[in-house]
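Protein chains in written order, with the working numbering: chain A, 11 to 348; chain B, 11 to 348.
To be clear, the hints were calculated from the coordinates, so they are not data collected in a lab. Keep in mind that a hint or two might mislead.
You can't tell identical chains apart in this list, so a pair holds if it fits in one copy or across any two.
[Said to hold, decoys possible] Derived pair list, reagent style SDA-like, types lysine to any residue, alpha-carbon separation capped at 20 Å:
hint, residue 1, residue 2
1, Lys155, Leu331
2, Lys314, Trp204
3, Lys124, Ala97
4, Lys155, Asn128
5, Lys250, Tyr62
6, Lys312, Ile181
7, Lys250, Tyr73
8, Lys155, Val284
9, Lys155, Ser282
Number of protein chains: 2
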Amino acid sequence: MMPAMKNKQITLASRPTGVPAMDNFATVDAEVPQPKDGEVLVRTRYLSVDPYMRGRMSDRKSYVAPFAVNEVMNGGVVGEVVKSRSASFKPGDIVTGQLGWQLYSVAAAGELRKVDPNLAPVTTALGVLGMPGLTAYFGLVDIGKPREGETIVVSGAAGAVGMTVCQIAKINGCAVVGIAGSEEKNEYLEHELWVDRTINYKTAEDMKQAVNDACPNGIDIYFDNVGGAVSDAVMPFINKAARIIICGQISLYNLEHPDVGPRPQPYLLVKSAVMQGFIITDYGPRFAEGVKHLGQWLREGKMKYAENIVDGFENTPRAFLGLFSGENLGKQLVRVEE
Amino acid sequence: MMPAMKNKQITLASRPTGVPAMDNFATVDAEVPQPKDGEVLVRTRYLSVDPYMRGRMSDRKSYVAPFAVNEVMNGGVVGEVVKSRSASFKPGDIVTGQLGWQLYSVAAAGELRKVDPNLAPVTTALGVLGMPGLTAYFGLVDIGKPREGETIVVSGAAGAVGMTVCQIAKINGCAVVGIAGSEEKNEYLEHELWVDRTINYKTAEDMKQAVNDACPNGIDIYFDNVGGAVSDAVMPFINKAARIIICGQISLYNLEHPDVGPRPQPYLLVKSAVMQGFIITDYGPRFAEGVKHLGQWLREGKMKYAENIVDGFENTPRAFLGLFSGENLGKQLVRVEE
Numbered sequence: 011m012m013p014a015m016k017n018k019q020i021t022l023a024s025r026p027t028g029v030p031a032m033d034n035f036a037t038v039d040a041e042v043p044q045p046k047d048g049e050v051l052v053r054t055r056y057l058s059v060d061p062y063m064r065g066r067m068s069d070r071k072s073y074v075a076p077f078a079v080n081e082v083m084n085g086g087v088v089g090e091v092v093k094s095r096s097a098s099f100k101p102g103d104i105v106t107g108q109l110g111w112q113l114y115s116v117a118a119a120g121e122l123r124k125v126d127p128n129l130a131p132v133t134t135a136l137g138v139l140g141m142p143g144l145t146a147y148f149g150l151v152d153i154g155k156p157r158e159g160e161t162i163v164v165s166g167a168a169g170a171v172g173m174t175v176c177q178i179a180k181i182n183g184c185a186v187v188g189i190a191g192s193e194e195k196n197e198y199l200e201h202e203l204w205v206d207r208t209i210n211y212k213t214a215e216d217m218k219q220a221v222n223d224a225c226p227n228g229i230d231i232y233f234d235n236v237g238g239a240v241s242d243a244v245m246p247f248i249n250k251a252a253r254i255i256i257c258g259q260i261s262l263y264n265l266e267h268p269d270v271g272p273r274p275q276p277y278l279l280v281k282s283a284v285m286q287g288f289i290i291t292d293y294g295p296r297f298a299e300g301v302k303h304l305g306q307w308l309r310e311g312k313m314k315y316a317e318n319i320v321d322g323f324e325n326t327p328r329a330f331l332g333l334f335s336g337e338n339l340g341k342q343l344v345r346v347e348e
Numbered sequence: 011m012m013p014a015m016k017n018k019q020i021t022l023a024s025r026p027t028g029v030p031a032m033d034n035f036a037t038v039d040a041e042v043p044q045p046k047d048g049e050v051l052v053r054t055r056y057l058s059v060d061p062y063m064r065g066r067m068s069d070r071k072s073y074v075a076p077f078a079v080n081e082v083m084n085g086g087v088v089g090e091v092v093k094s095r096s097a098s099f100k101p102g103d104i105v106t107g108q109l110g111w112q113l114y115s116v117a118a119a120g121e122l123r124k125v126d127p128n129l130a131p132v133t134t135a136l137g138v139l140g141m142p143g144l145t146a147y148f149g150l151v152d153i154g155k156p157r158e159g160e161t162i163v164v165s166g167a168a169g170a171v172g173m174t175v176c177q178i179a180k181i182n183g184c185a186v187v188g189i190a191g192s193e194e195k196n197e198y199l200e201h202e203l204w205v206d207r208t209i210n211y212k213t214a215e216d217m218k219q220a221v222n223d224a225c226p227n228g229i230d231i232y233f234d235n236v237g238g239a240v241s242d243a244v245m246p247f248i249n250k251a252a253r254i255i256i257c258g259q260i261s262l263y264n265l266e267h268p269d270v271g272p273r274p275q276p277y278l279l280v281k282s283a284v285m286q287g288f289i290i291t292d293y294g295p296r297f298a299e300g301v302k303h304l305g306q307w308l309r310e311g312k313m314k315y316a317e318n319i320v321d322g323f324e325n326t327p328r329a330f331l332g333l334f335s336g337e338n339l340g341k342q343l344v345r346v347e348e
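All chains should be built: construct the whole structure from the sequences, respecting the hints.
Here's what the structure looks like:
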């Protein structure tokens, strides 16, 4: 029997300045929306919270439009179809898409993708087989072009993207150096994911020295999720023709004004190196290729993933805020309903 | 009749800290060297002085080895063969190569390339048909990938590399914005080279505003010879998928310690943009392609070049130092002998 259908939503109550806080969000009651022709009603099971959402909370031009104040936040969702007015979906189907932070969402059939719960746990659609996994895959494979024997440094190595990067790099025969912010994370990286060396940026006395020690052959690839002072310590050690992938800059997202640091251009110049930003949606036409490889590595046991799951819809803002204090090992999710 | 053969050399007398000065150089008398089998004796006609040489004066690892103290400086030379013990060259041949700052040099035949004085003035072998021209060509064509209708900003636009970049960009149908340091240079760029808009970085009150005004459609390509504050003003206006070519960073070469500035990574991230350094010697196998195109544009009148020629071997250090105060319009050369 269908549970009583009451909707709840989390909205952007106000724009943060600097570090976001709980009062930037509001939880409100709402009607359950009704699907029109070609649409589907989805009950939210899991919500994804991701660092890039911080950018959308500011009223700044970026690669995705800002969230509007008093509108429902949104992001990656895994849910179950409860009503369908589309031939593509039937009640009970598990789907994923970019939906609101709410218990029930209506979406056009074209905005959803079916998830097969027999292939892998459904949460992987938000992690290793979803945006973070694809981000790792295309950033590393397409821009990083890893070759056997090369050294790669990964910042934010214990996050959802970072740990996938580490593993794809190992599959490609690279020496992998992971940078993360706790001993627990670094132990996971070394013992579970076979990362060769790790650096704890919160306890390292001299980050440049730590990077130098960890990379006796220099750095061929730097997969950067963090930016700021961590990257400043990495740049002096890049090798000729190094590739630097700018995937995220989480250390800078909460700054009210851009900070300053040593310029990276001189390193790029003397090393004929390339530094490239990218956005995963640029790779839309090639998503199937990424999912195929990632799924195969999972099935073959060549790839693991970690999830940090917070229970309860109302805890979504707290889970999001935890990303900026580095609380998550792996993909940060909110379980709204099993 | 052969003139009396006495050699003179300019050596690196001491390493500069900060801006180099005359006393970092010494002029010394020396023997005229004698070619062995397979070698050639060359009398220097023109010497090239280039910004990259500043890097070699410091005892720092870079893409070329440092000059040694008390050794002869070297760089691009055009000269005349006066003795040959190689079947490839005969007396009277005009040749170019990387030779010493001296009146007479001995070189292995393989280190020299013949210059045909009937095709173009011999000085072009050190400018538009030499390293600076090739640097402009491969940097812009290979990394910049200019497309019709795009906007390109060129810093150091009135230098030997910059003015060639401006013209190749015009040939490719781009809107070209040149940044240089004097009204004279900017008038030359606009009136002789058909550059669309120019900015004088020395007199602009607000560089960011000036760049914004000059680039109403944003910036698709930034060809950077200068770095530092000029680049800081350019980065905020790059478009999606912009290409930033790091060719030189002359504003930073004389700094004793790396300075700081706004980090460019966030711009690369939100614009899926690429920033790439390169060294012209990387393109060695493709030089013939570059010379062919540049030579054709010259013959067709699609490309001009400017030279700033200082007379007299002993004035070579002064000509070099002038590069850092922006004295040269176009290629800076020293005429040792007509």
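These are the hints, each one checked on the structure:
Taking the shortest Cα distances, Lys155 and Leu331 never come within 20 Å of each other, neither inside one copy (33 Å) nor across copies (41 Å). Taking CA atoms no more than 20 Å apart as the test, Lys314 paired with Trp204 passes inside one copy only; the shortest distance there is 11 Å, against 58 Å between copies. When the C-alpha separation of Lys124 and Ala97 is checked against a cutoff of 20 Å, the pair qualifies only within one copy, where the shortest distance is 13 Å, while the shortest distance between copies is 74 Å. In the homo-oligomer, the alpha carbons of Lys155 and Asn128 never lie at most 20 Å apart, since the shortest distance is 32 Å inside one protomer and 46 Å across protomers.
Only between protomers do Lys250 and Tyr62 lie at most 20 Å apart by alpha-carbon distance; the minimum there is 17 Å, versus 31 Å within a single protomer. Taking the shortest Cα distances, Lys312 and Ile181 sit within 20 Å of each other inside one copy (8 Å), while across copies they are farther apart (51 Å). In this assembly of identical chains, Lys250 and Tyr73 lie within 20 Å of each other by CA distance solely across copies; the values are 9 Å between and 31 Å within a copy. Taking the closest pair of Cα atoms, Lys155 and Val284 come within 20 Å of each other both inside a single copy (12 Å) and across two copies (15 Å).
In the homo-oligomer, the alpha carbons of Lys155 and Ser282 lie at most 20 Å apart both inside one protomer (15 Å) and across protomers (17 Å), since each shortest distance falls under that limit.
Violated hints for the displayed structure, listed by number in ascending order: 1, 4.
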